[in-house]
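Enquirer: Residues per chain are reported as follows:
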Amino acid sequence: EAQVTQNPRYLITVTGKKLTVTCSQNMNHEYMSWYRQDPGLGLRQIYYSMNVEVTDKGDVPEGYKVSRKEKRNFPLILESPSPNQTSLYFCASSLRGQTQYFGPGTRLLVL
Amino acid sequence: QQQVKQSPQSLIVQKGGISIINCAYENTAFDYFPWYQQFPGKGPALLIAIRPDVSEKKEGRFTISFNKSAKQFSLHIMDSQPGDSATYFCAATAGNQFYFGTGTSLTVIP
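Here the protein sequences line up with chains A and B, keeping their order. So the first sequence is numbered by my numbering: it starts at 23 and just counts up by one. So the second sequence is numbered by my numbering: it starts at 116 and just counts up by one.
Among these hints, one or two may not hold up.
Lysine-lysine pairs mimicking PhoX-like chemistry, simulated, CA-CA at most 25 Å apart [stated by the list, open to error]:
| no. | chain 1 | residue 1 | chain 2 | residue 2 |
| --- | --- | --- | --- | --- |
| 1 | B | LYS157 | A | LYS93 |
| 2 | B | LYS120 | A | LYS79 |
| 3 | B | LYS183 | B | LYS120 |
| 4 | B | LYS130 | B | LYS186 |
FYI, nobody ran anything at the bench for these hints, they're computed from the structure. Note that the structure is a prediction, hence the values are computed from the model and not measured.
If we strip away everything but chain B, and leave its shape as in the complex, we get:
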């Protein structure tokens, strides 16, 4: 059973556009929600993270929106660039256990 549901599976966006990836969860014990970026042949790297007491967090072109009541959170990439082309994973943690979404392959077309 997938603890964190992620959509879409793949996304194609024009350069300069906005990329939006969504995740949903059920376990209210989750207390940390990171997003990871993974390039081919590399391990995932933390992009941005949020805790459930905050509804939004912005770092540069990347923003997490968090809706605690709906148990959903999303990643917005503003002004998407070809260098953003990668696979993105949302995750949620409860204590020492991490649960990842299934990933979104983002392609930004020049």
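Next comes chain A alone, as it looks inside the complex:
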């Protein structure tokens, strides 16, 4: 089954404790992206990647890091999480310029 998977689905952490949210797709897509979804703000793009070792900032990259060492994986790293990063995070993938397929989301709470 073609899909985008994210782990963990739910995460509670404390301020300053580094965390990684994993994202993997099995569709051989070149393009992958991370979004955060907040009430009243919709989805905002954090980072995107056009291929292995090629990443770029989206609209709200501050406080986040990404890497793309393999085509199928695109982890999101929060080096020092803060409460304002409490949000619902989505990973998405697509062939370049085509439909994005979204993962199921990761709900993060930073205390």
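Based on the hints, put chain B in the right spot on chain A.
Expert: Leaving out everything else, chain B in the frame of chain A:
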């Protein structure tokens, strides 16, 4: 600054009615305008999309109307059904960057 402005924030429609959601943008570099549907606890899923060289696209009960000169586009859901109750997001892309509207929560009353 919101690149894509979406309205209304919420919408209640009777079963069988027409649901209309509107979006507006300013950046003329946008070249792809998708609409996504999101059910609670799920990720957004593509519903229908249009490119700016087309003024209308219809897929089943869903239609996008696109007005390039006004920089506006809208989603029309004909014969709305309770199963259409979800949050709808418009979006616009320029190159590899995607910008989403703030979402419309649609409730279709039986």
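Enquirer: If you draw a straight line from the CA of LYS183(B) to the CA of LYS120(B), is it 25 Å or shorter?
Expert: This hinted pair holds, its Cα atoms lying about 15 Å apart.
Enquirer: LYS120(B) and LYS79(A): Cα distance at most 25 Å?
Expert: holds, 22 Å
Enquirer: Tell me if the straight-line CA distance from LYS130(B) to LYS186(B) falls inside 25 Å.
Expert: violated, 30 Å
Enquirer: Taking only the CA atoms, is the gap from LYS157(B) to LYS93(A) under or equal to 25 Å?
Expert: Holds, because 24 Å separates the two Cα atoms, which is no more than 25 Å.
Of the hints listed earlier, the one the structure fails to meet is number 4.
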